[in-house]
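Number of protein chains: 2
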Amino acid sequence: MAELRIIALPGLPEIVEGDDLPSLMVEAARRADLEIAERDIVVIAQKIVSKAEGRTIRLEGVEPSPFARRWAEEHGKDPAMVDVVLNESRRIVRMERGIIISETHHGFVCANAGVDASNVAEGTVVLLPIDPTASARRIREALEAAFGVGLAVIVSDTFGRPWREGLVNVALGVSGIAPLIDYRGRLDSHGRALRVTILAVADELASAAELVMRKNTGVPVAIVRGFDYEAREATVREMIRPPDQDLFR
Amino acid sequence: MAELRIIALPGLPEIVEGDDLPSLMVEAARRADLEIAERDIVVIAQKIVSKAEGRTIRLEGVEPSPFARRWAEEHGKDPAMVDVVLNESRRIVRMERGIIISETHHGFVCANAGVDASNVAEGTVVLLPIDPTASARRIREALEAAFGVGLAVIVSDTFGRPWREGLVNVALGVSGIAPLIDYRGRLDSHGRALRVTILAVADELASAAELVMRKNTGVPVAIVRGFDYEAREATVREMIRPPDQDLFR
Chain H
-14 MAELRIIALP GLPEIVEGDD LPSLMVEAAR RADLEIAERD IVVIAQKIVS KAEGRTIRLE
46 GVEPSPFARR WAEEHGKDPA MVDVVLNESR RIVRMERGII ISETHHGFVC ANAGVDASNV
106 AEGTVVLLPI DPTASARRIR EALEAAFGVG LAVIVSDTFG RPWREGLVNV ALGVSGIAPL
166 IDYRGRLDSH GRALRVTILA VADELASAAE LVMRKNTGVP VAIVRGFDYE AREATVREMI
226 RPPDQDLFR
Chain S
-14 MAELRIIALP GLPEIVEGDD LPSLMVEAAR RADLEIAERD IVVIAQKIVS KAEGRTIRLE
46 GVEPSPFARR WAEEHGKDPA MVDVVLNESR RIVRMERGII ISETHHGFVC ANAGVDASNV
106 AEGTVVLLPI DPTASARRIR EALEAAFGVG LAVIVSDTFG RPWREGLVNV ALGVSGIAPL
166 IDYRGRLDSH GRALRVTILA VADELASAAE LVMRKNTGVP VAIVRGFDYE AREATVREMI
226 RPPDQDLFR
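Just so you know, the protein sequences line up as chains H and S, in that order. Here the first sequence is numbered in this note's numbering, starting from -14 and rising by one per residue. Here the second sequence is numbered in this note's numbering, starting from -14 and rising by one per residue.
Extracted from the complex, chain H is given alone in its bound form (with noise of 0.2 Å):
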């Protein structure tokens, strides 16, 4: 019978900028007693890699542009967080009622281009990491040097999306899974081709993870049990849509 087991990895400290974040998952293992198994799936909130990173920023240490101050003033906004939204963009999507949507430099359609103000000392703000998809990688070289496994690691994060309401938690980055599952060519039970044919199963799993995270109990990383997978390096490109195929667009 197929079972896939969720748990969330406790008692990692509060991450600072400069911290060895595989060596405080690994002490966090040994101290909850919870072994980690070849081909477990790490799954980490881009928060606590951000910080590690030192991708925050200090908003008074920001110089707003005469745009961003503009617009922000009109919406009763920061004009600090509004510049720094505005340089992590690529391009803007919407700008509407004191809401940013755009798409941020990895080519993610999110608000606020994931700068966030939350979990984070007063005054300051965390970005993105620069490319989740090295960071994921790192990550799990380093947890595989030292629990002795083969590994998977997903850095994700909770973005909007259109028509449903409500976040859902997605993968920026993947290191050792191939984030999409291709069924094309596979017949169903009746010999017919399936109409489903690419599932986004870094997606589902960095949704299944954050069940267990749940954003207000400080738990930023969980393990993924069970689930079989390619394993395999992936880039960031495979998980983002071409928009000349996007129809949903």
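Since no wrong hints were added, every one of them can be taken at face value.
Estimated spans, in silico, between C-beta atoms of each pair: (1) S:Arg43 to H:Phe52: 57 to 67 Å; (2) S:His60 to H:Ala131: 51 to 61 Å; (3) S:Thr220 to H:Ala131: 40 to 50 Å; (4) S:Ala130 to H:Arg222: 45 to 55 Å; (5) S:Arg82 to H:Arg75: 17 to 27 Å.
With the Cβ distance kept under 7 Å, some of the chain H side facing chain S (calculated, not the full set): (6) Gly145; (7) Leu152; (8) Ala185; (9) Met224; (10) Arg234.
Covered, in the sense of this in silico footprint (three residues per stretch, anywhere, with C-beta under 8 Å from a C-beta of chain S), are these stretches of chain H: (11) 105 to 114; (12) 186 to 197.
Note that these hints are calculated values from the structure, not bench results. Cβ atoms here follow ideal geometry from the backbone N, Cα and C, with glycine treated the same way.
With chain H held as given, fit chain S onto it using these hints.
Below, chain S without anything else, positioned relative to chain H:
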């Protein structure tokens, strides 16, 4: 240590119109020695719900409209299938390159209005349930009576979305569980308001369940155990973002 289990329910037979789906699920659980526990969440692929409810159509009985016929011929599609998709739609979002993305009568935006020709007899297509929330409630009440425990039920389907590659499983109808968790007003560890305010846990639970269903294995039901949820009735309207509040649209 917080831990979730996601358990596939094996051994369901091919479902046909008029089948008593809850009874078949009870029998399958007993054969698999799978105890259903208080507050388990039962996630069910809409395909078998629709089949049991007779939401299938034989395409040879369909008289396509001139519009459906013309568009289908232009794009090498089956005119009857196109006609069925149009009938299942409240409005068309995009109609290009042989692909129809539309809003269903429930308010879901998806490809082909959720009409599916895979895993069903040749010449037949499966429609979404007329009222997936009512379907979920009927199944929940029957399962609760059979097992003597309080449960939640989610009827799910895999949908595409803008910007990101691949489909993910989402909730179409829920019963016995609040589909969203609202963190508004709660503070983070630094006493600042949380950025992430509303999480779509029903969608995350559907995605988690999909990881053990896997499209080609023929397992359309999974149990999520260990998730702490708000037990109450819910409507599909809670899960759909009103257009005037949807900046992602």
